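Asks: We have chain A already, so just place chain B on it with the hints.
Chains A and B are the protein sequences, given in the same order.
So the first sequence is residues 1 to 269, counted in the working numbering.
So the second sequence is residues 1 to 269, counted in the working numbering.
Calculated from the structure, these hints are not laboratory results.
Since we're looking at a predicted model, the values are computed, not measured.
It cannot be assumed that every hint is accurate.
Same chains, same label: a pair holds when it works inside one copy or across any pair of copies.
The list that follows gives simulated cross-link-like pairs (lysine to any residue, SDA-like), each with its CA atoms no further than 25 Å apart [what the hints assert, rightly or not]:
(1) 46 - 66
(2) 42 - 186
(3) 247 - 191
(4) 46 - 63
(5) 43 - 59
(6) 46 - 262
(7) 43 - 187
(8) 46 - 247
(9) 42 - 265
(10) 46 - 229
(11) 42 - 158
(12) 43 - 236
(13) 247 - 185
(14) 42 - 236
(15) 43 - 67
(16) 247 - 85
(17) 43 - 153
(18) 42 - 160
(19) 247 - 66
(20) 42 - 248
(21) 42 - 159
2 protein chains.
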Amino acid sequence: MKEDLPLSRDAVSAYRDTALRLVSEAGDVVARRLAGSFSARKKPDKSFVTDVDLEVEQLIRDRISAVYPEHGVLGEEYGALRPESPFQWVIDPIDGTLSLRNRIPLFGTILALLYRNEPVVGVIMLPELGRTYHAARGAGAWRGSERIVIQDVPDESGLPDEVIGISDRHQFIVAGRTDVFDRLMLRHPRMRTYTDCFGHALAVDGSLGAMIDFDLNVWDAAATQVLIEEAGGRYVRLPPDAERPAKYNLVFGKPRVVQWLLEQLDGKE
Amino acid sequence: MKEDLPLSRDAVSAYRDTALRLVSEAGDVVARRLAGSFSARKKPDKSFVTDVDLEVEQLIRDRISAVYPEHGVLGEEYGALRPESPFQWVIDPIDGTLSLRNRIPLFGTILALLYRNEPVVGVIMLPELGRTYHAARGAGAWRGSERIVIQDVPDESGLPDEVIGISDRHQFIVAGRTDVFDRLMLRHPRMRTYTDCFGHALAVDGSLGAMIDFDLNVWDAAATQVLIEEAGGRYVRLPPDAERPAKYNLVFGKPRVVQWLLEQLDGKE
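So that you can see chain A by itself, here it is in the shape it has in the complex:
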């Protein structure tokens, strides 16, 4: 494929199929490790990493390098490989490592492909729920073999019965934006801390009205962008904070719920 041409839908679908095969292998690793024991330790940023994170990322990196030796790979644990390629696979081998460590079954593996910095394939695999969400540009968003089409709320009267996802307050402490977390908790009694890719996946299939998640990295955000947009939802990256320009502060989900969340962010009481 010439790199100066846009990707064909068939090409993108083929990359999506590769991504699905890789996360399926990742799921086998996770299942095997969950059945036994694994060790967790803290990284310099105080977040946890486990043997499982490392094994899954190494597996996916190896497979991508074997299948697409010219593609770049960027993972949470092992950094960047071939960063000059227009194709970049981004990996969060275990998104929700604190949950994995505590055996809370709401963690997952995220894999996305960026072409010229635009996400074109996104996969979220939740091993303990037996669910895989996947999307490719132009080919729709799917949960397994079921097409996902987000239904917006008809009007604002539906908002109180929408559950809205939000990450741990800890995430907003790190981002220096506890004001956002605290204000939203007061304004919507059904805010729930469905953290990590579990919350993202529930927003993709409309179980959540929307989700707001701050201080993410590209490997946490890219898959969600493809999934939400292909499902017909709205994905908004807020202007990055000047001191943390690489971080993603996101609001995504049903358009009217996203709009309501955006209106709460200006701080007006």
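Replies: Just chain B now, with coordinates in the frame of chain A:
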């Protein structure tokens, strides 16, 4: 069995086996209904009820009346039957109906048996996770065929890495105790709104350090008491509010985490 004797362990285990059979049947109903459509509507208290709640409760009531025609039954949706019996089965057919309505996979069925007002059997079944937690007095707490023994945190230094469950702020609004919710959110950055029996189950198997849940009914609380105590955890019912004397305000989980939560409740800053 003579009603003036304490129950034997064998008798309690037999009741537990019956309970497991009934929630398994309930799981089949839920799976069938989830594969299709069901209707949800609001009850006078503004909470949701669905066809699934009603079908599951009717099924369990019918089965109990057939097997133990002298036992009482108290369910969330259909009220009390034979309330004079020393044996009372309490049912929450779908705990987490808002989640079920929104197809958030964190709802479940709760069934417990009280003998002279003391819970002796408790079962929580989470159909979308494929998990069933069960306990009988003197026979331990189990997740499926795996015995559960709660490991306490060794000391307070472990607290920051413990995830603590809490119900929606909505629940604390109803209970008139938003002060508790808001204070805990500020004091522990890993409070998560893992509502309903999903949070209870995670506290039982030690994935959560503890859970705090307010404004419950007996059918939400009784199974948890047996499960937590048989797993070696601590279960505390706070003194009921004078205006809502039948409601249960609970703190349960690993003893040191429960103790920490109790110390936060006095309102001292």
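Asks: Does each hint hold? Answer for all of them.
Replies: Here is how each hint holds up against the structure:
{"no.": "1", "hint": "46 - 66", "in the structure": "neither (33 Å within a copy, 56 Å between copies)"}
{"no.": "2", "hint": "42 - 186", "in the structure": "between (32 Å within a copy, 23 Å between copies)"}
{"no.": "3", "hint": "247 - 191", "in the structure": "both (23 Å within a copy, 23 Å between copies)"}
{"no.": "4", "hint": "46 - 63", "in the structure": "neither (29 Å within a copy, 52 Å between copies)"}
{"no.": "5", "hint": "43 - 59", "in the structure": "within (21 Å within a copy, 51 Å between copies)"}
{"no.": "6", "hint": "46 - 262", "in the structure": "neither (30 Å within a copy, 27 Å between copies)"}
{"no.": "7", "hint": "43 - 187", "in the structure": "between (35 Å within a copy, 23 Å between copies)"}
{"no.": "8", "hint": "46 - 247", "in the structure": "within (17 Å within a copy, 40 Å between copies)"}
{"no.": "9", "hint": "42 - 265", "in the structure": "neither (32 Å within a copy, 31 Å between copies)"}
{"no.": "10", "hint": "46 - 229", "in the structure": "neither (33 Å within a copy, 33 Å between copies)"}
{"no.": "11", "hint": "42 - 158", "in the structure": "between (42 Å within a copy, 13 Å between copies)"}
{"no.": "12", "hint": "43 - 236", "in the structure": "neither (30 Å within a copy, 36 Å between copies)"}
{"no.": "13", "hint": "247 - 185", "in the structure": "both (23 Å within a copy, 24 Å between copies)"}
{"no.": "14", "hint": "42 - 236", "in the structure": "neither (31 Å within a copy, 33 Å between copies)"}
{"no.": "15", "hint": "43 - 67", "in the structure": "neither (31 Å within a copy, 56 Å between copies)"}
{"no.": "16", "hint": "247 - 85", "in the structure": "within (22 Å within a copy, 61 Å between copies)"}
{"no.": "17", "hint": "43 - 153", "in the structure": "between (41 Å within a copy, 21 Å between copies)"}
{"no.": "18", "hint": "42 - 160", "in the structure": "between (39 Å within a copy, 13 Å between copies)"}
{"no.": "19", "hint": "247 - 66", "in the structure": "neither (30 Å within a copy, 60 Å between copies)"}
{"no.": "20", "hint": "42 - 248", "in the structure": "within (23 Å within a copy, 38 Å between copies)"}
{"no.": "21", "hint": "42 - 159", "in the structure": "between (39 Å within a copy, 15 Å between copies)"}
Comparing the model with each earlier hint shows violations of hints 1, 4, 6, 9, 10, 12, 14, 15 and 19; every other hint is respected.
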